[in-house]
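Colleague: Here's the letter readout for the chains.
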Amino acid sequence: MSASRDDSLMSRFDREGLRRFRARDAVLAILLAGVILVLLEGGSVLHAGEEMKPGVGRSLVLAVGRPTNAIAEALPLARAAHTATSWLNPERNLSGPGGFTTLVAGGQIPPVTPAAFTPEALGEAPPTRHRLKRLLVTGDSMSMPLDADLAEALVEHHVHVNQDPHIGSGISTTFVVDWGKLAAAQVKTDHPDAVVVFIGANDGFPMKGTEGREVACCSGSWAAIYADRVRQVMNTYRASGALVYWLTLPAPREAARARIARVVNAAIQVAAQPWAAQVRVVDTVGTFTPGFAYRDAMTVRGQQTIVRQADGIHLNDAGSSLLAGIVLGQLQQDFSY
Amino acid sequence: MLFPSVQFAIFFPIVLTVSWALMPKPRVWKPFILAASYLFYACASWRFVFLLAGVTLGNQAAAVLIARAGNERRRRLIVAGAVALDLGLLGVFKYYSFFAQQWADVAGNLGLGSTLPLLTIALPVGISFFTFQAISYVVDVKRRAVEPASTLDFAVYLSFFPHLVAGPIVRAREFLPQLKHPRDPNRVAASSGLWLVALGLVKKVVIADFLARTLVDPVFAVPKTYGAPDVLLAAYGYAAQIYCDFSGYTDIAIGLALLLGYVFPQNFRSPYRATGFRDFWRRWHMTLSRFLRDDLYIPLGGNRGGRLLTYRNLMVTMVLGGLWHGAAWTFVLWGAFQGLGLVAEHALAGRLRFPGWLRWAVTFHLIVFGWVLFRAQSLGDVGTFLSRLSVPASPTLWTAPVVAAIVLVVGLQLLPPDPLERIQVWIERRRPVFMGAGLAAVVAVAGATVPSQGVPPFIYFRF
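From first to last, the protein sequence lines are chains P and S. Counting from 1, one number per residue, gives the positions in the first sequence under this note's numbering. Counting from 1, one number per residue, gives the positions in the second sequence under this note's numbering.
One or more of the hints may lead you astray.
[Claimed, not checked] Output of the computed footprint for chain S on chain P, the stretches with three or more beta carbons under 8 angstroms from beta carbons of chain S:
hint	segment
1	22 to 32
2	39 to 50
3	59 to 69
4	146 to 158
5	162 to 169
6	302 to 314
[Claimed, not checked] Quick partial rundown of chain P residues pointing at chain S, CB under 10 angstroms, derived from the structure:
hint	residue
7	13
8	19
9	94
10	175
11	281
12	296
13	297
These are computed hints drawn from the structure, not numbers from a lab. Everything numeric in this text was worked out from a predicted model, so none of it was measured. We treat Cβ as the ideally placed atom computed from N, Cα and C, and that holds for glycine.
Start from the sequences and build out the full structure, keeping to the hints where you can.
Modeller: What follows is the structure in structure tokens.
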């Protein structure tokens, strides 16, 4: 590092030959770009608004998004642009059935199946432990870096760990991804022996109930819809032959989020009830936030250790590593590896 | 609010239009652009708007006191107080958890009780950048490089949204003079601005995020599961990713400022063309390099105290520069590595002669190695990553688009600069209306490559 002057960093736009325009040209160019984008991508604004949490920002984006969506839908340009660029999209195709929107209304009393009983509950010997070959670790951002920790621990046992996080997604929102469809696609392509799911950081969105009404978080009705959706995802995984390990949410720092997390956890417990033999609810609350009281740090291996990230939602590396140990313990009860 | 987001696509045209409408009336324009910038910042976290305002008022008070101070000793004391406050804030928000945890570990091992509460503290977006700019302002006032600005001007300088969250680190003496008079509405580098915005979007959304998604993130998350070919490619891939991510952000920031009539300093100049560490730091994050040089290295004594003191100053500067990037031992190690590179270069200057291509090859690979330290989650992961380089395996991530993206990013920087610059100037001379249409096409195509979870934040947003 030299002490010589090297401050000619401002000269790039003062050089000869650079053409200057009027401010009006700049404004017109940006507005033109906006008009073209409305014609080609008008629906994206509405889509982005629907993904946002309720508030002034969301209302403003939706106020712009509704007319732009109407314009884009009325003209063929958006469809043409979508067709022309769809090959660039990196997402897996989720156009098949199984989405949350097709969730059937209740009304019947579902029959109790043998899967509702663990062998221990019936006083039977535990089933033979099969070899774990393929593990799917999925969820929203909560599943990171848990997925990497599990992969790290299992790689030497020749277990293939598929890490499939979907950041920003949630059970109560289908904007980013519809977990009903995603779960179906995951079992079709990954064929997991076990699935670890850690999701809920983005939940709390209103959901459509069986009567078609939007139900806001976090009433009993909302919890029931949430549990229905979770149950559908659990069913997809367990019906494929995989054992499911669904993790509850440790209490977040903010009171508003804590309220959602408490309801999400209650819904997970209810959702898993029909399949106690195939679906394990892994409790994180007792370990990280006993009594559902948030804490940044806890004793890990005799040392006071920070286990949460600064956002007060996610686990940090130390917390995730601790959780991975708990999940591995559960996996070892059911599988050999 | 990310630049590549729908919210920003609504925000910016409104701000641009109103900004030029109000430009002839600075008394109205300045409060407007200040409010727009605070709104932009509040979208990330409204609570930290108060922190930004506090930093503004605190440093402005210090600048005014420095200007009024009668003697040099008093001026120096006030600067020291202001810088200590700025660094204190940075320390609390950015480093408290890290150091509290390190202390707890040490205290635990020694059987002592930890006296510091173990807390996590949310990091205000852009704090590393706006505190450095505030420091540069106070220091410039002390050095009489600038007069203290009005509080409103200083507030606009510190919060101006194109550079607020991730730079470039604009010096007060570069920006404040531009605020003195309204920008000329007949001399706007509009096409340059539009070109840079489009280029930045392509770099970030199409190249950087693609490399992160398909190569870098999977390998760095669990290096143990990959063999030498994939690990090697991921190291090169991260070099390409971080360049495209950060220089893409900078391009957009500079482009937006140009559209608003303001010029920011250049921040990158083909860094992978460098033939030495010193050369690299004159090409990579140039505004941070000169801040570290002018406000840390030179005040430490620079190269004025003989060979050993120069080495010490280089090491201190680069280790602190590494720590500036984040509270982790990997950043400290990366900074120390950069410092050692600079020291070695000083020590060997004039003694060894190598051909240019060899100097480039050695520098490039050392820089790539440095990025492994920078990107790894922990020191343990660094070891795992490097050990995998000796594990033979068949490549699983070597796809044509990935390799092409890396070759393109590095290769373009190795081409002679003149023809590329001529092409750039030719593009920048097109009429803005064509550039606007081009920008829309770029956004539509780049948008199609974005997965449903959206565009991840820029890497430097975390710093």
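Colleague: Would you mind marking each hint as holding or not holding in the structure?
Modeller: Okay, the hints, checked on the actual structure:
1. Evaluation of the coverage hint for the segment 22 to 32 of chain P: fulfilled, as 11 residues show C-beta separations to chain S shorter than 8 angstroms, against a requirement of three.
2. Counting residues of the segment 39 to 50 of chain P whose beta carbon lies closer than 8 angstroms to any beta carbon of chain S gives 6, which reaches the threshold of three, so the coverage claim holds.
3. By the rule of at least three residues with a Cβ nearer than 8 angstroms to a Cβ of chain S, the coverage given for the segment 59 to 69 of chain P holds, with 4 such residues.
4. For the segment 146 to 158 of chain P, the assignment as covered by chain S holds, since 6 residues bring a beta-carbon within under 8 angstroms of that chain's beta-carbons and 3 suffice.
5. Check on the segment 162 to 169 of chain P: 5 of its residues sit with their Cβ under 8 angstroms from a Cβ of chain S, so the three-residue criterion for coverage holds.
6. Given a C-beta distance limit of less than 8 angstroms, the hint that chain S covers the segment 302 to 314 of chain P holds, as 10 residues qualify and 3 suffice.
7. The beta carbon of residue 13 of chain P is positioned within 10 angstroms of a beta carbon in chain S (closest approach about 5 angstroms), and the interface hint is therefore held.
8. The criterion of a C-beta within 10 angstroms of any C-beta in chain S is met by residue 19 of chain P, whose closest approach is roughly 4 angstroms, and the hint holds.
9. Satisfaction of the interface hint for residue 94 of chain P is found here, the shortest Cβ-Cβ separation to chain S being roughly 9 angstroms, below the 10 angstroms cut-off.
10. Against a cut-off of 10 angstroms between C-beta atoms, the interface hint on residue 175 of chain P holds, since the closest Cβ of chain S lies about 8 angstroms away.
11. The restraint placing residue 281 of chain P at the interface with chain S is violated, with a minimum CB-CB distance near 26 angstroms, outside the 10 angstroms limit.
12. Nearest Cβ of chain S to the Cβ of residue 296 of chain P: about 5 angstroms, under the 10 angstroms cut. The hint holds.
13. With a least beta-carbon distance of about 4 angstroms to chain S, the hint placing residue 297 of chain P at the interface is held under the 10 angstroms criterion.
Hint 11 from the earlier list is the only one contradicted by this structure; the remaining hints agree with it.
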